[in-house]
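There are 2 protein chains.
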Amino acid sequence: MRALLLFALLLAGCSSKEPEKKKEVAVDPLPSWNNTATKKSIVDYVTKISKQGSKEFIPMEDRIATFDNDGTIWAETPVVQLFFTEVQSQDMGLKHRPIEDMNKKEINDLFVKTHTGMTDESFTREVKDFFTEVKHPQLNVPFNKTVYKPQLELMKYLAQNGFKIYIVTGGTADFMRVVSKDFYGIPPEQVIGSGFEHRYDEPRNSLMREPKLEATQAREAKAYNIQEAIGKRPVFAVGNVRSGGDIYMLRYSQGSSYPNFQLLVNHDDANREFAYQEKDGVSLLWAQKYKWNILSMKNDWKTIFPN
Amino acid sequence: MRALLLFALLLAGCSSKEPEKKKEVAVDPLPSWNNTATKKSIVDYVTKISKQGSKEFIPMEDRIATFDNDGTIWAETPVVQLFFTEVQSQDMGLKHRPIEDMNKKEINDLFVKTHTGMTDESFTREVKDFFTEVKHPQLNVPFNKTVYKPQLELMKYLAQNGFKIYIVTGGTADFMRVVSKDFYGIPPEQVIGSGFEHRYDEPRNSLMREPKLEATQAREAKAYNIQEAIGKRPVFAVGNVRSGGDIYMLRYSQGSSYPNFQLLVNHDDANREFAYQEKDGVSLLWAQKYKWNILSMKNDWKTIFPN
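Protein chains in written order, with the working numbering: chain R, 222 to 528; chain V, 222 to 528.
Take these hints with a grain of salt, some might be off.
One copy or any two copies: either way a pair holds, since identical chains are not told apart in the list.
[As the list claims (entries may be wrong)] With a straight-line cut-off of 25 Å between C-alpha atoms, the simulated SDA-like cross-links for lysine to any residue are:
(1) 385 / 475
(2) 276 / 475
(3) 334 / 351
(4) 356 / 404
(5) 349 / 478
It is worth saying that the hints were derived from the structure and are not from the lab.
Only chain R is shown next, with the shape it has when bound in the complex:
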């Protein structure tokens, strides 16, 4: 609490040009977070790197934050893009075994069939319809209610402190881009992910979506994708425990020449969300080895969902 107050005072001192901001920062920026060590670490970090003149100060242009999507900023049971795949396959009348019984190749085939063969514009409309018409099968709410409220606050807090925030998804970028602005306030060009190859259909002047995924999607690939899209290491990286998909993104940020921060979300709250573990435990092992912050949904979050 002292750190928060200090932070509020600091900002109030700096913001003489923008008096309308004073009210905003004087209140707790993370009300859905419990006052645990995790919250304190975040606020301490943001405070120290924003302090002009200190040797830990990071220039605005280098305050890059990257967030994984599934299981980090919204619920991933089921993985939303796979659920979309199922809904589309039904609309298209594709017969198949239940997705949970399928092997990787079968899932990939179904994924490609439901995501390609149309223009980008048509695909965008399909995704828009899905998010408008379909509800989360377990939580029975529209998908904008399956985002994690504490993470919305964290993203807002970072943005207010000059961070440029990217979503780095294991799914395809085009899927998340349809809702990133509405759900998270992140513009589509700040979504990084995999994608399909394209073919230029000139008489139509459209990009046709071809049945070939362009990139692998997780692990090391997240670092490659960040390098390709941004060209610098993030200083703040957030991922979650499930498949080890985010470990290289967190590790990559740890190589920044600036002070940096890694946060790993642990799904340990069966009552309010879902509890699950990783087969090989690699994410938690790396977190321990490299001293990342581990977030317990159960202990660190006061509320999880928006309502």
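Please arrange chain V on chain R, whose structure you already have, making use of the hints.
For chain V alone, kept in the frame of chain R given last:
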């Protein structure tokens, strides 16, 4: 001139909240441009799409502009990244025939040898040294003096009117990212280009540059790269005549659902810059067919270089 005045009045009318901007817009935003039809088209376009309430208005978040780099915003004789390749190959003691005698494969091999095998961080340092130490071989000035002054003004003018500007280069993004901010005011994450494959070197926590170019670099690929990086079509696209490398980027922007603008730079000024033509004339053919604005360096630009 009337359009300019009207524009200034319009903006002055809108900017009651930011009185310090009045002075800026009351002056000609494009002083290095002659008062030709090309300049008028640009100003008319920017004016109409910025006019709140009009049916041609474009929301700020969709004002995306894409500029090719070589020959569009700086001189491409020689192509700067190829000249860098030559300088590096000498530093590395690589024996080879003169680049102008080499075939494509030989050039590509030399390119790969001078650009890979190190970490991203080392490569960035090499590029920084090059731009600090080496001068343009014909113009005999540092490379920041080989940018086109009128284009700097155009980019500034667009930025002041809410455009987000991307450089879409035929070269590798990492090369341009080192100077994009200094030379053009464009942050590195708004540079789109090709790149090399990477390998995660974990004990070192670095991305190693692998000897394989990841993507083709021009023509249709520019549209694919824009789609992948931004996820929406630009409304303002600028390229140049040399190899047809920019025609799909301009065409892609023409499929935007918003009013859009295409500008093709023609190198017709042997006295002040370089005059050259395209073998198959495809860029000018498309410009004619699709009614793009053709910019004559000779007639449309009052000055070309910064000094």
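Which numbered hints turn out to be false for this structure? none
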